[in-house]
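For the sequence shown, position 230 matches number 230 in the UniProt record's numbering, and the numbering has no gaps at all.
Derived DEER-like restraints, expressed as beta-carbon distance ranges:
(1) Lys431 <-> Lys290: 44 to 54 Å
(2) Glu374 <-> Lys238: 41 to 51 Å
(3) Asp423 <-> Ser181: 23 to 33 Å
(4) Arg242 <-> Lys431: 34 to 44 Å
(5) Ser451 <-> Thr87: 21 to 31 Å
(6) Lys90 <-> Tyr215: 48 to 58 Å
Derived from the structure by calculation, the hints contain no laboratory data. Keep in mind that this is a model prediction, so the values were computed, not measured. Glycine included, C-beta positions come from ideal geometry on N, C-alpha and C.
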Amino acid sequence: MPAPEKTSESAENNRGDKIFFAAFMTGIAAISFGIGAFVVLAEVPPYQSMKNAWRAGTALWEQRTKYSSVERLDFWAPARTEETGVTINKTDKTQKGLTLYSSGDGPHAVLIDMDGNIVHEWRMPFSEIHDETSPIPNPQKDDFMHWHTAKMAPDGDLIVQYTAAGDTPYGYGMAKIDRNSKPVWKYLGTAHHDFSIASDGRIYALTQEFRFNTYDNRKQLTPPRLDDFAVILSPEGKEIKRVSILDALINSSYANMVDFAPYFSNEDVLHTNTIQLITEETAQNFEQGKAGDVVLSFRDLGIIAVLDMDAEKVVWATRGPWLGQHDPDVLPNGDILLFDNQGQLADPEAGQSRILQIDPATNGITWEYKGTTEHRFDSNIRADQQRLPNGNTLITESSGGRLFEVTPEGEIVWEYHNPIRRDDPDNPGQKLIPVVSQAERISDERAALYSDTNFTPTSPDGEKQ
Numbered sequence: 001m002p003a004p005e006k007t008s009e010s011a012e013n014n015r016g017d018k019i020f021f022a023a024f025m026t027g028i029a030a031i032s033f034g035i036g037a038f039v040v041l042a043e044v045p046p047y048q049s050m051k052n053a054w055r056a057g058t059a060l061w062e063q064r065t066k067y068s069s070v071e072r073l074d075f076w077a078p079a080r081t082e083e084t085g086v087t088i089n090k091t092d093k094t095q096k097g098l099t100l101y102s103s104g105d106g107p108h109a110v111l112i113d114m115d116g117n118i119v120h121e122w123r124m125p126f127s128e129i130h131d132e133t134s135p136i137p138n139p140q141k142d143d144f145m146h147w148h149t150a151k152m153a154p155d156g157d158l159i160v161q162y163t164a165a166g167d168t169p170y171g172y173g174m175a176k177i178d179r180n181s182k183p184v185w186k187y188l189g190t191a192h193h194d195f196s197i198a199s200d201g202r203i204y205a206l207t208q209e210f211r212f213n214t215y216d217n218r219k220q221l222t223p224p225r226l227d228d229f230a231v232i233l234s235p236e237g238k239e240i241k242r243v244s245i246l247d248a249l250i251n252s253s254y255a256n257m258v259d260f261a262p263y264f265s266n267e268d269v270l271h272t273n274t275i276q277l278i279t280e281e282t283a284q285n286f287e288q289g290k291a292g293d294v295v296l297s298f299r300d301l302g303i304i305a306v307l308d309m310d311a312e313k314v315v316w317a318t319r320g321p322w323l324g325q326h327d328p329d330v331l332p333n334g335d336i337l338l339f340d341n342q343g344q345l346a347d348p349e350a351g352q353s354r355i356l357q358i359d360p361a362t363n364g365i366t367w368e369y370k371g372t373t374e375h376r377f378d379s380n381i382r383a384d385q386q387r388l389p390n391g392n393t394l395i396t397e398s399s400g401g402r403l404f405e406v407t408p409e410g411e412i413v414w415e416y417h418n419p420i421r422r423d424d425p426d427n428p429g430q431k432l433i434p435v436v437s438q439a440e441r442i443s444d445e446r447a448a449l450y451s452d453t454n455f456t457p458t459s460p461d462g463e464k465q
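Please build the complete structure, drawing on both the sequences and the hints.
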């Protein structure tokens, strides 16, 4: 029996049902959008859950796309020159010694002589020290991290800090390793960026963690945030004190300085990148702090601060003519030497970076080094400097993979380019160079520990001498 034919009336009703259904769904979508907009703008529940889910999804997508190969990490930068190793060495004007640096191509550090020959090398992947006590349950692969900072202890062992790419927290911890790259101790707190070694062997370091608290009258400090802590480790690597840096700032007379945070940094409001212990020597002429306090650098706030570790309070803070600064060091005369990453704006052809020596009482510049057209000086992130015993300054131009030494008059008397190169996977013909986050000229008794070593020196390109 044939099916009955649809009448024009039933077809019209069917069309009407479809229109009604479409209108109904459009209305539901509009109402849902309106409710969602209200939740976001008014920041009422479930706003925070929605925000967290969005951020987590975005971070996961970025991790799986942006960090698809080692060469795409920000541990690598376009090479600015084909030159490698030592290119300038005016031996009558340099501070003699060995130079220690860590490189963005992996968890290792190199000790070189003034000619660029490798005197010693340390290498220890994070996988060798990671265990179930780490707050990082699933760390990145070893080649996705490097030693952001490596410093030589008085006994010649190395203390190193692990930094990972494509993960948050990105600080993975610290370790002390001997001259044979064997671990002496490990600290698996989320240590990041920098640390300072005291004369008694204690270590002052930075750690980070997500926090979900809020502050009265600080609506912009929304949770979750990546907050920084100053910690003290025993000579054996055990944590003996921990201070919230944000709490120490909020609870001080400098609390309003947190309002200087740019819109993009509220989820990492301080981005503390330096911790330097004020010693008995440097405290003598430094009125802004006392021995045992620490100097901190808050990159995105543009602030240099002094934290009293006993009172757990910021006791001094200032802003000045610098931008994105790193590594404020208190000098014996009470001045502060710092790396101004992006504050050299007067001469773009010379590069945007400079080294400033500041009188902290006035913020006046007492000494400055900046690049030239011939020798550009440019590292938008990372980097540091070291005032040497002879008055020269060793400078780490991280983004350029370059170390160089300048006299007080600004003459470059020693220069070294990281010899490692790789092909840029996204730009055929372009070479990449690993960043050099930090370097140190070792000209005291520690250098003698490696002057009679069984380690066979090698040239900058890896050939045995």
